[in-house]
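J.: Residue numbers (the UniProt record's numbering), protein chains in the order written: chain A, 1 to 590; chain B, 1 to 844.
These aren't lab readings, by the way, just hints derived from the structure by calculation. Every residue, glycine too, gets a C-beta built ideally from N, C-alpha and C. Mixed in with the good hints, there may be bad ones.
Here's a subset of chain B near chain A, in silico, CB distances under 8 Å, partners left out [as the list claims (entries may be wrong)]:
#1 Lys246
#2 Val260
#3 Pro262
#4 Thr334
#5 Ala637
Calculated cross-link-like contacts (lysine-lysine; reagent style DSBU-like; alpha-carbon spacing at most 30 Å) [as the list claims (entries may be wrong)]:
#6 B:Lys426 to B:Lys542
#7 A:Lys290 to A:Lys463
#8 B:Lys426 to A:Lys460
#9 B:Lys440 to A:Lys463
Here are the chains, one letter per residue:
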Amino acid sequence: MVGLPYDCLANPLGAVRFTFEKAVAAGADPAALNGKDWGAGDLFRDVLFDQGALSQVPVLNAKNIGHVQPNTLVRFRGMIQDMLGNEFYAGVYKDGSSWRTNKYRDVSQFPMGSSPDMHIWERHLLYCIQVPGLNPWADTSSGTVVARPVEQTSPHGEKRRRADKEDIDQMDVETSEDGIQRSSGVKKLREDGHPSQNLQLLESVAGSTGFGSCTMPRDEGDSLSCLIKVYDSSDSELKLNDVFEFIGVLTFDSEYQVDNDEFLDGFSEDMLASLPLNKVPRLHCLVHRKLAAHDFLQSTPLELKPHLVKEVRQTLLSHLTAVLGNDGLAAHLVLLHLLSRVHARIDNFAVGKLSFNLTCFNKESVSIFGNQLTLAIKDLLPFSHIVPLTVDYLNAASLAPKKDYERNRLVSGLMQLPEGTHLTIDETQLEAGTLNSVGVENARLLKYLSEYQKVEYDFKYYKMEMAADFQLLVLSEGKSTILPADLVIPFRPSSVASGEAVAAETLEAWRWYLATVRSLSHSIDSDMQKVVENDLVAARQANRNLSSQDLSRLLTMGRMMSLSFGETSLSLEHWQMVKELERLRWERLA
Amino acid sequence: MASDNGPSSPDDSFSSPIGNTLSSPDNAAARAAGGRRRQRQQQQRGGASTPSSFAATPPAHRSRLAAASSEANTPTPSRTRRRTPGGGGAGGRPFAASTPSSTDDAPPSSECGDGYDAAEQMYVWGTNISVQDVNAAIVRFLRNFMEGPTQADSIEEGKYMRELDRVFEVEREWIDIDAQDIFSYDQDLYNKMVRYPLEVLAIFEIVLMDMASTRNPLFEKHIQARIFNLRTSTCMRNLNPSDIEKMVSLKGMIIRCSSVIPEIREAVFKCLICGYYSDPVRVERGRISEPKRCMKEECATKNSMTLVHNRCSFADKQIVRLQETPDEIPDGGTPHTVSLLMHDKLVDAGKPGDRVEITGIYRAMSVRVAPTQRTVKSLFKTYIDCLHIKKTNNSRMQADDPMEVENSYNGSEDVTFDEQMVEKLKDLSKKPDIYDRLTKSLAPNIWELEDVKKGLLCQLFGGNALKLASGATFRGDINILLVGDPGTSKSQLLQYIHKLSPRGIYTSGRGSSAVGLTAYVTKDPETGETVLESGALVLSDKGICCIDEFDKMSESARSMLHEVMEQQTVSIAKAGIIASLNARTSVLACANPSGSRYNPRLSVIDNIHLPPTLLSRFDLIYLILDKPDEQMDRRLAKHIVALHFEDIESVQQDVLDLSTLTAYVSYARKHIQPQLSDEAAEELTRGYVEMRRRGNFPGSSKKVITATPRQIESLIRLSEALARIRFSEWVEKRDVMEAFRLLEVAMQQSATDHSTGTIDMDLITTGVSASERMRRDNLAAATRNVIMEKMQIGGPSMRLMELLDELKKQSSLGEVHLSDLRNAVAILTTEGFVAILGDTVKRV
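Take the sequences, apply the hints, and build the full model.
T.: Laid out in structure tokens, this is it:
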């Protein structure tokens, strides 16, 4: 950061202004900069990624939101829960003789009342929530990076913050009017003092859960949602339910008062009214990147070497076997299941899904093995979710997201999850009962999800299908009827598993393994294709009851098998293994 | 009133009300001008208007558009320069400078002399568009535009002049103007209108008022020009800053309507002390300023004025939210919405759930952080000032139906296909392999089943419905039944057709009741009246009703189908409602064999337990059987391997995508009405006779019916559908031949008598094949012989089992079951030959 006249992290708006002025000075027409980056994005990308400043940027969460300075650079990791359309703002305007920009800020910095040379630009609004089902190990926001804001809670930090503030004030030449307001805001903060401020924060969090409960019917006490304003990016890049990391300028005001006057007839006001600034921070996004499973790993990724992969696979398999009470076959299949993902869609058919149904559970065995298995999965995958299926649950839960036209918002349902989420559905608690219309709809939704990997979003006047990619694991007594799974196997534990502790590095290696291997590409050579075809024909000749789904499953298993060895093309050996697994499975089913 | 400054003042915070023709920013002067005008308008409205006063300006309180601008701050007609935030490019593009004071065309009114009556050319601010030119162009357009080819010497009046007369007749306040007409008459005017709608529309209205006064001096209403049918329709997602202050046309669905908001336009105040009524005070910048003191000089009491509600004038206003239609939403996006502002007559023109196409002006206005705060947020709220609303579909919406677009075409509105699309479809139809190509495009992931897909394709296209003068109707819809083993992707096919078809309704037999399918009478929870609710079949009128698990449907529900499938109506008589509803629907049903697997030794009817009466109403019955066939298995294996490993793109190159396919089908259904050619008719008769003849085996006395008149109707429908597939107006011989082939394939599967291997329509019409009937007769005869031999009249009875043993000794009968014997004995009983007592037979 040598030679830069501003601190990108503490005063990102200064950096934005600097680059803007540089671009204007270089002869760019300010009006033509709409939808383009004049170098601010590049600058931040350079500072954050190439110079490694990313780790110093605090990750926003419900706990530190009150401590992070507004107008500083923050990170937010979240899932796009709703898209709120575009927002028009005064992009550039002339203040006297110099051009100013409002990009990356909410409130205009200079009075622009009479500026004729004002151009309207647009930005996209995204409503993001913390990734649902994020497992604790993958939650970076609770990790080391929050050191900075925590430090600020000490009296010393307060001083520093004040100093920071002054820095900003010095650097940002403000108009007197604006400046006064700012400093009065600071004064207020100071008067409040710390303890009360914290309390206030807690209150606001509590309040936001009340609000959150209508968007997110989950019981997550300390979730934080964030309104992201994205510039210069196309719609196609950012999709619903994608998990992104946004790095940008924070606007947050816990003191903010909603003006009731303004929202008298609530309707004409837009949805932002329901997202008050004191509960939902705004983030003016400078840089965003899509997060994949391996972005959640804490350690640096390992190199993909065959022997290493084999080794990790072996340890993971034995771990799974132990968890499953020595049921090696089930462990094998669970491994394949954990590697599955939808890699193509042909019309309605989702290729690559491998939902898994472990049967023969009863209430006791679920409490032992079921819990162990879900805990193990929780430790392995970044996002997972458990659904305890009961009649009451089916009758009450809102699984599918629903559009609330009153507030013009998408109300999240339980099935609004990011791609690659692992979903454990525990059917063992299911007892005889009557489903009401909600229950029937929910059951249908689950079935549809399992068959097509799609979730129907309820838009009241019509339904919209959204592609999903969830790994479905069903625990049930008999074969599940609500969720027809691809792979069904009776669970046969032979010993009670010992809850052995796993070393952190081993866990980390497994996570890395699953994340990496799962995303490998896969192919088949023509010779192998012949072999596979012949085997399929033979299998069908032998058993007329084999449907195309069964054959499809074999191929999916073949793919997962070779991926589990880190290989990208199906070999005869692995194909044989799959056939053997399948044979054993049929034996057990019989 | 916080809201109503809103919509109408995009720039209340910083635009100046200064007409640009004036150089001094004299706010007060402008207001004063406004005040004068106000008085004038009041006179006019009060009925005291002189014929000339109309010409001065559109009475702002009536013209919504003008009102909008005046609210924004310039009540003067020569309002002008507004520094709009708009004009994302052109340096604060102006928008207003049209002076609506039409000095050129009409006799200038005296009031126009208030200082800035510009006699010289006036321009729309910042452009070289002359107000006078536009005015003249509009006059020309309105006077002269004719529909159809114009004849120079035509004495007929222009379309819009006639339209205007109609406006006078019904005392309407608006005139609908087709933008396509403007475009075809004067492209330049059209472009100006789209780019500077506020100005051009204001001029439009002045011109209309002028004309109104010349043609009908007594007509006092303000006439608003409502433009519709723009040449390009914008996608809601693509609205961007450069569209601000432009005229746009959008398609979407109304998702919310606010209640009607009475918006005050003019307020009258009364002095509480002396009872003096003030002049109406007009809305300025969305606010009405209450007079500080009584205006009566004698009184002049301070703070004594109070609002008199019943003397104020209000206008209806409504805010409506429009949402993108599902087909415009890209993958992984959520629908966008936009707010519409409706005024006056447009209020309540649409209700939530309606799909509409609207034309309006896109506007933006700045948002304050809060009234108490001085900082202006740099944000703008956008909305569309709606000019015209057109419903595209009156019928109920279907969930995620890609054919919804087509639904709207089916609607009464005469929407035409986009020319390019039509060209593309016609090109497609000329391809020699179009039939195969379409077949391939139908459910491409379902493998094989070529002939079934061809049948389904015919169903999609449909035949021609015919109504004779005598009142007899022949349905054009093709009904198809799929019977097959579990796991043969019947349901997927059904789902696919459901998605593809116009107004597809998908029901499952198990979950459907008779009334759910047809119609039921229910009490309206609000009014308590009995109302008729349509069931699935009625809702899928002119569409395809897909019924899964047909065999599991209750008997009563199934019996309702009889009427629908042949008469195409649903008649009900319940609770005082006697009605016959149209249900011109094709039925696509699928059924599982009763014994889970199809038993080839039994007839279709025995296999699926459907009454023959119903079965015969299906044009095509396909058996989708899972036969052990290595070739098939190999193809399946190949298909699955390809599905998993190959590049999907390469697998299905020459397959039409879903949208093209739906467009193709809808176009054909709408525009192609094929007729039977003589040659085809001949082929039909010949083929039919031949089919019938096949039943008469030489030297055989048994009469097998291989075709019935129902088949010939089916054949006609099929061949019409086949011609439609080719976009051909004539049914040709090859269509008929293909229809025969399709029918035969279907019959071979379903109506083949397995004991003889020939087609026997009796299997479907009665459920018993001719050979089976013969076998029964033989058995009865043999039984009679045995009984004659073994028993005497009045003698001891004989147990059935003994009789069976006797019969089994006779080798000629083959295998005889007890049930067969019972049947035979029953026949003999009816003849009065024997009597049955429990398990014993007694000769009488």
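J.: Are the hints correct? Go through all of them and say.
T.: Cross-check of the supplied hints:
Annotation: Lys246 (chain B) was flagged as interfacial toward chain A, and the flag is violated, the nearest CB pair being 13 Å apart, outside 8 Å. A cut of 8 Å between beta carbons decides the hint on Val260 (chain B): the least distance to chain A is about 12 Å, and the hint is violated. Using the Cβ-Cβ criterion of 8 Å, the hint placing Pro262 (chain B) at the interface with chain A is not satisfied: the shortest such distance is roughly 12 Å. Residue-level restraint check for Thr334 (chain B) holds (minimum Cβ-Cβ distance to chain A is 5 Å; threshold 8 Å).
Using the Cβ-Cβ criterion of 8 Å, the hint placing Ala637 (chain B) at the interface with chain A is satisfied: the shortest such distance is roughly 4 Å. About 24 Å separates the Cα atoms of Lys426 (chain B) and Lys542 (chain B), which keeps this hinted pair within 30 Å; it holds. Among the hinted pairs, Lys290 (chain A) with Lys463 (chain A) is consistent with the structure: their alpha-carbon atoms are about 27 Å apart, no more than 30 Å. Proximity of Lys426 (chain B) to Lys460 (chain A) is assessed by CA-CA distance (about 37 Å); at most 30 Å being required, the pair is judged violated.
For a cut-off of 30 Å, the pair hint linking Lys440 (chain B) to Lys463 (chain A) stands: about 28 Å separates their Cα positions.
Checked against the numbered hints given earlier, the structure breaks hints 1, 2, 3, 8 and satisfies all the rest.
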